[in-house]
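Numbering (the numbering used here), first residue to last: 199 to 455.
Possibly wrong hints are sitting among the right ones.
Stated by the list, open to error - Calculated lysine-lysine pairs in the DSSO-like style (CA-CA distance at most 30 Å, straight line):
(1) K276 / K363
(2) K285 / K363
(3) K290 / K363
(4) K276 / K290
Hint data in this document are derived by calculation from the structure and do not stem from the laboratory.
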Amino acid sequence: MSSAQHAKATKSAKTAKTAKSAKTAKSAKSKVVAGPTDAIECELRAAGAVVVAGVDEVGRGAWAGPVVVGAAVSAVGKPPAGLTDSKLLTAKRREELAPAIAAWTIAHAFGAASPEEIDTLGMTAALRLAAVRALEALPVRPDAVVLDGSHDFIGDPWRVRTVVKGDQVCVGVAAASVLAKVHRDRLMAELGVGHPRFAFADNAGYPSPVHQAALEELGPTPYHRMSWAYWDNLPQWRHLKRVRSVLEDAGQTALDF
Numbered sequence: 199m200s201s202a203q204h205a206k207a208t209k210s211a212k213t214a215k216t217a218k219s220a221k222t223a224k225s226a227k228s229k230v231v232a233g234p235t236d237a238i239e240c241e242l243r244a245a246g247a248v249v250v251a252g253v254d255e256v257g258r259g260a261w262a263g264p265v266v267v268g269a270a271v272s273a274v275g276k277p278p279a280g281l282t283d284s285k286l287l288t289a290k291r292r293e294e295l296a297p298a299i300a301a302w303t304i305a306h307a308f309g310a311a312s313p314e315e316i317d318t319l320g321m322t323a324a325l326r327l328a329a330v331r332a333l334e335a336l337p338v339r340p341d342a343v344v345l346d347g348s349h350d351f352i353g354d355p356w357r358v359r360t361v362v363k364g365d366q367v368c369v370g371v372a373a374a375s376v377l378a379k380v381h382r383d384r385l386m387a388e389l390g391v392g393h394p395r396f397a398f399a400d401n402a403g404y405p406s407p408v409h410q411a412a413l414e415e416l417g418p419t420p421y422h423r424m425s426w427a428y429w430d431n432l433p434q435w436r437h438l439k440r441v442r443s444v445l446e447d448a449g450q451t452a453l454d455f
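Generate the whole structure from the sequences, applying the supplied hints.
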């Protein structure tokens, strides 16, 4: 190969390498998912709201334990690093973040609806009850509420903005998501102390294999939701199922052995 050919080949290789590096960098950049921001809060404040609360629920699909709603009024300024939807975080990371989130929020509170209230009212009404309890527990009444999801289960007189995947885009909802999850997980661990076979500390009342096996063998604890469809698949315990005149399907999971 002549010196001219060598130089040309070297230049071509460098150009290809540079192009590949640029493509890799662009690909990596495109995979970066932005965390939640305060854009929605700012928009609502610009429209006249002074206090804006983010709201999220946890425990809707669990077989045991209450449904819990968290409400958080976010502070102006940078949120704790790593704040996002609680479902995207490990239990350890949620526990690590919770104190920083609690300190960062202007205020936060929780509301719950018990298994008995869920069985009596249905999930939608129970969610509203828990949400109102959380909002009314805040030291200051919110002028606007940002609610995770597409369905406003809170309703009047609250001014509600629903946001799909709100816990991934709105800092207040993300804060409520993490704090409510940590709060409920701790509660379920306490409830599980007297019922170790159900491993509530590990599954938080959701239908893990261990939970399902214990339920089939031992029957319900005082914390189980007795109107749900999974009892239909437990012949030996089916007679305990509580029947409401109108039974909601939302959030209920059947048990299939």
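Against the structure, the hints:
A hinted pair counts as satisfied when its Cα atoms are at most 30 Å apart, and K276 with K363 qualifies at roughly 20 Å. Restraint check for K285 and K363: the C-alpha separation of about 11 Å stays at or below 30 Å, so the hint holds. Distance check on the hinted pair: K290 and K363 sit about 22 Å apart at the alpha-carbon level, within 30 Å; holds. Proximity of K276 to K290 is assessed by CA-CA distance (about 22 Å); at most 30 Å being required, the pair is judged to hold.
The structure meets every hint from the earlier list without exception.
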